[in-house]
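Engineer: Each chain is listed here by its residues.
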Amino acid sequence: MREIKYVEALNEALKEEMERDPDVILLGEDIGKEWQGAFKVTKGLEEIFGPERVRNTPISENSFVGCGVGAAMTGLKPVVEIMFGDLILLAMDQIINQAAKMRYMSGGQASVPIVIRTPFGSGGSYASHHSQSLEALFTHIPGLIVVQPSTPYDAKGLLKTAIRSIDPVMFFEHKFIYKKSGPVPEDEYLIPFGEADIKIEGSDLTIIATSMMVWHSIKVAKELKNEGISVEVVDPRTLVPLDKKTISDSVKKTGRALIVHEAVSRGGFSGEITKMIIDEAFDYLDAPIKTLGGLPTPIPFTPNLEKFVVPDPKRIKKAVIELVP
Amino acid sequence: MDEDLTDPQLLQMFEIMYKIRQFELTAYDLLGQNMIPGTLHTYAGEEAVATGVCLNLTDEDYVSSTHRGHGHCIAKGADINKMMAELFGKKTGYCKGKGGSMHITDFKVGMLGANGIVGAGIPIAVGAGLTCKLKYPGRVSVAFFGDGASNQGTFHESINLAAAWNLPVIFVCENNLYAMGTDIRKVTANPNIADRAIGYGIKGIIADGMDVLDVYKKAKEAIEHARNGGGPTLLECKTYRIKGHSRYDPALYRPKEEVEEWMKRDCITNFKEKILIGEKHIDQNVIHEIEQKIIRQIEQAVNFAKESPFPENSSALEDVYAEDLK
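Those protein sequence lines, which keep their order, are chains X and G. If you want the working numbering, it's the position in the first sequence, counting the first as 1, plus 1. If you want the working numbering, it's the position in the second sequence, counting the first as 1, plus 32.
Quick caveat, the hints were computed from the structure, so don't treat them as lab data. One or more hints might be untrue.
Computed cross-link-like contacts, EDC-like style, restricted to lysine to aspartate or glutamate with a CA-CA straight-line distance of at most 16 angstroms [what the hints assert, rightly or not]:
1) Lys167/G x Glu53/X
2) Lys245/X x Glu196/X
3) Lys291/X x Glu323/X
4) Lys318/X x Glu228/X
5) Lys253/X x Asp188/X
6) Lys246/X x Glu273/X
7) Lys167/G x Asp24/X
8) Lys167/G x Glu202/X
9) Lys245/X x Asp356/G
10) Lys252/G x Asp36/G
11) Lys275/G x Glu256/G
12) Lys235/G x Glu256/G
Note that the structure is a prediction, hence the values are computed from the model and not measured.
Okay, chain X solo, but in the shape it has when bound (with noise of 0.2 angstroms):
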C-alpha cells in the first residue's frame, strides 16, 4: 500500500468530501491559496473549489465558529479550522452554549453539522499560547463528538466520516505527525465513530494511548518485545463516543492498564478511561491502573523543559516496567 503523511491524509480527505458533497465548505484564518492553512492541510484547495468554498475569516474566532455554526444549521457543511488548539478558547460559548447543545434546546429541531478541526500539542518551542493539549475539556459537553486521531489512515477515515456526520465535532490533530507517514488505501474508507484500533497486539499489559503517544507507545511496545514483555497498544481514536468494548476486552486479556496522553493528567480524559476499565473490567485487574501524563504546567518554552512536562516514551518505559512484574 502507498504510503503518504498524515497531512496530506487530512488534505485528501477534505478534497474528496468537497467533491462529492457541495455543501461542504472551509472557513479558517490563512487557509485560502496564500498561505494554504498554518500547517497546509488546506493545500491547493482554494485552487480546486474557489473562494466561496475556501473561505478565508478575519481573526474573528467566536464569531467565524458562529458563522459555521449558523451554516451548518441552514444547510452548509463547514469545516473549520482553528488555526492553534489554544485559540479554541476563544469560540467556546459558540462551541459549547450553542453548537453543542443546538439539537437539544430547539427539542431535536436543529442539526450543526460542523467540524472543527485544530493541530494542537507540543514540541516546537511555540511555549504557553500554542502548545496545549484541551481535548478534555471538550469531552465533558455533551453533544460535541470528539476525535483523535493518529495515523494518516486513521484520520483520512475520521475526517470523512466527520465531515458526514451531522453532530458537531471537535477534531485534534498533532502538529507533530502532519509530517509522518503511514500506509493510505487509495479507494474510498471510512473510520466509524467509537471503534478503538489496536495498533500492537501483546499479552501482558495494555497501553491505551491518544495521538501523539500512541507512536512513542508503539515504539516502546517494539522496545520491550526484545525484553520479553508483550505490551498491547490500543488507540481510542475518537473519545467520544468511546469504544469500552475493545479497551475493556483488551485489559480483560492483559489485566494491566496503563492510560498515558500528553494532556495533564490532573482532570485528563486519562481519569475518565480509569473510571470505565473500573466499571468494566475491574476483577480482571492484576495491576493498580496507571495513568501518566502531562505535568500540571502550561507549556513551556525552552526545549529542556517543554519535553520535561509530557510523557515520552522512556517515561512510557518506566510505567510499562513498574507494572509488569
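Fit chain G to the known structure of chain X by using the hints.
Structural biologist: For chain G alone, kept in the frame of chain X given last:
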C-alpha cells in the same frame, strides 16, 4: 405615511403587534402566578420592531433572536399554542419542554432560535446569511439583538465578517436603552449604535422603533438591498420596554419621567388611534373584532398549554445527539 400599504396590510400590522402584546401580558401574568417556571423577558413595548422587520420576510428567510425573543417568533409566524406550551415546559412545546422562553425555535418559519447568551445569535445569523448566499440567492438573514449585545465582540466581528463577504444579513439593534439595569448611555459614549456601521463600510440607519411604519419602510430598504446582493445593513430601532428586564424587576432604575414619555409613544395605541382610525378612518368595529379574535387565540393557547402533559423523564436523554452514542 407610506401610501403603498393597503388597509388589510395595515390591519395585519396591527394584528401582529396586538398578538405579541397580548401574548406577553398574558405570559407575564402566568409567570406571576407561577404557572410558568423560571423567568421570561417580555417584548411588550417593542412590538413595532419585530413586526415592521418581519413583514418584509418570508418563511424562507432566517432570523436569529435573543433572550427577549417571543416577539420575533410571533412576527415570523410561529404557532402561539406551541410557544405557550414551551413556556409552561410542556411536551407539546416547540422544544418539547427542554428550551423554555429563551430557546424557542421554529425551523419551519426560519426562526433559528431565541438565545440565552447576549450577542451569540449574531454570528449564527451571519452563517445563515452565508447559506443564503451560497445555496439560496435572494433569501436574507436577520440578526435581532439589543443595545447590550452591541458591546459584545460578536457584534463587531460578525458585522465585519458579513460586510467583508457581502452577505445578505440585516443587523437589527433593538435599542431599548437598558441592558438589564445598565443604561446604555453610561457604558457607550455614542448613544447611536447605527453610527458604528461606517466603521465596517456598510450603511447604518436609525428607525423609530415605536413606529411600525417607520421600521417597516427602513427595514424594507435594507432587506431589498440585501436580497439584491448589496450586502448588510445595520438598522437601529430606538425602542423601550413596558416591563422590567425579567421576573422580579420593577425597573426602578428608569426615571419616572422617561418612562411616561416613552409610554405616550406606545406603538400599538398610537398606530391604532392615529393611523388606523385617525388617518385611514377604519371602522372601530373591525379593529375590535381583531382584538377579540386575538384574545380568544391567546386563551386557547393558554388552555392548550395547561392541558398538555409534561414530558416523560426518559425524554431528557433524547436529542443530545442525532443518534444514540454507544
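Engineer: Output the numbers, in ascending order, of every earlier hint that fails for this structure.
Structural biologist: 5, 8, 11
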